[in-house]
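Participant: Now for the letters of each chain:
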Amino acid sequence: DVKVTQSSRYLVKRTGEKVFLECVQDMDHENMFWYRQDPGLGLRLIYFSYDVKMKEKGDIPEGYSVSREKKERFSLILESASTNQTSMYLCASLRGSGANVLTFGAGSRLTVL
Amino acid sequence: QKEVEQNSGPLSVPEGAIASLNCTYSDRGSQSFFWYRQYSGKSPELIMSIYSNGDKEDGRFTAQLNKASQYVSLLIRDSQPSDSATYLCAPQGASGGSYIPTFGRGTSLIVHP
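Chains A and B supply the protein sequences, listed in that same order. Positions in the first sequence are counted from 1; adding 1 to them yields my numbering. Positions in the second sequence are counted from 1; adding 254 to them yields my numbering.
Since the hints were derived computationally from the structure, they do not count as laboratory data. There's no promise every hint is true.
Partial list, computed: chain B residues near chain A (C-beta under 10 Å) [to be verified]:
| id | residue |
| --- | --- |
| 1 | 258 |
| 2 | 262 |
| 3 | 266 |
| 4 | 288 |
| 5 | 299 |
| 6 | 300 |
| 7 | 315 |
| 8 | 331 |
| 9 | 340 |
| 10 | 354 |
| 11 | 359 |
| 12 | 360 |
Quick caveat: nothing in here was measured; it's all calculated off a predicted structure. Every residue gets a Cβ at the ideal spot worked out from N, C-alpha and C, and that includes glycine.
Take these sequences, add in the hints, and give me the full structure.
Facilitator: In structure tokens form, the structure reads like this:
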């Protein structure tokens with residue numbers, strides 16, 4: 002089975018801190034995604050990447066950046082965390098061809114105080 | 255902006271009944287359609303995929319697709335309390351050769367004994 006691992010299940014940070022959320026997948030998938038999920042708003046796409054060093058903005062990229070230096074790792078960076086970035090963050094990966102099924106990590110619940 | 259509309263619910267059905275979950279989407283370029291189930295506090299997991307117009311059955315689940323009407327639905331027969339979850343509709347289009355999953359806000363289903 003494809004495994005997507007998010008490094009931190011729960012994080013508590015202070016306003017203005019720099020936050021790194023790490024995601025690693027072990028099945029050589031080309032595509033990786035970062036979503037945030039908030040009650041009543043569903044899953045919203047922040048950034049995605051379809052190859053190493055490639056990144057594309059999703060629907061809500063403001064306040065976030067990403068890094069993909071290796072195929073298996075996709076990092077989400079909050080340069081200066083704010084309270085409105087308190088949310089559940091979900092990483093997902095997807096093979097580039099064939100069945101386009103997303104596999105999600107367990108999620109990282111970030112609280113910004 | 256690609257739109258995916260789902261009734262947020264909650265949809266409440268008695269055990270043993272048929273639950274009907276509906277989804278409309280705006281992107282006519284959508285080629286693949288997925289239903290994910292998300293239990294409270296967990297990540298979404300794929301339960302059904304459909305690619306062609308018509309019905310697709312898998313156990314107690316039936317997905318129905320009508321591309322002309324831009325409508326996809328999920329029927330759950332003989333609903334069980336364990337089916338209580340949020341169901342996410344995810345039509346999948348393409349951008350520059352990459353597949354970009356877009357999610358509806360989800361429908362909360364409650365199956366009561």
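Participant: Confirm or reject each hint.
Facilitator: To see whether the hints hold, each was checked on the structure:
1. 258: Cβ of residue 258 of chain B sits 8 Å from chain A, so the hint holds.
2. 262: Constraint on residue 262 of chain B satisfied, holds at 7 Å.
3. 266: 18 Å, violated
4. 288: 7 Å, holds
5. 299: Since chain A brings a Cβ to about 7 Å from residue 299 of chain B, closer than 10 Å, the hint holds.
6. 300: 5 Å, holds
7. 315: Status violated, d = 15 Å.
8. 331: This interface hint is violated because 23 Å lies over the 10 Å limit.
9. 340: 9 Å, holds
10. 354: 7 Å, holds
11. 359: 3 Å, holds
12. 360: With a closest approach of 6 Å, the residue 360 of chain B hint holds.
Violated hints, in rising order: 3, 7, 8; the structure is consistent with all others.
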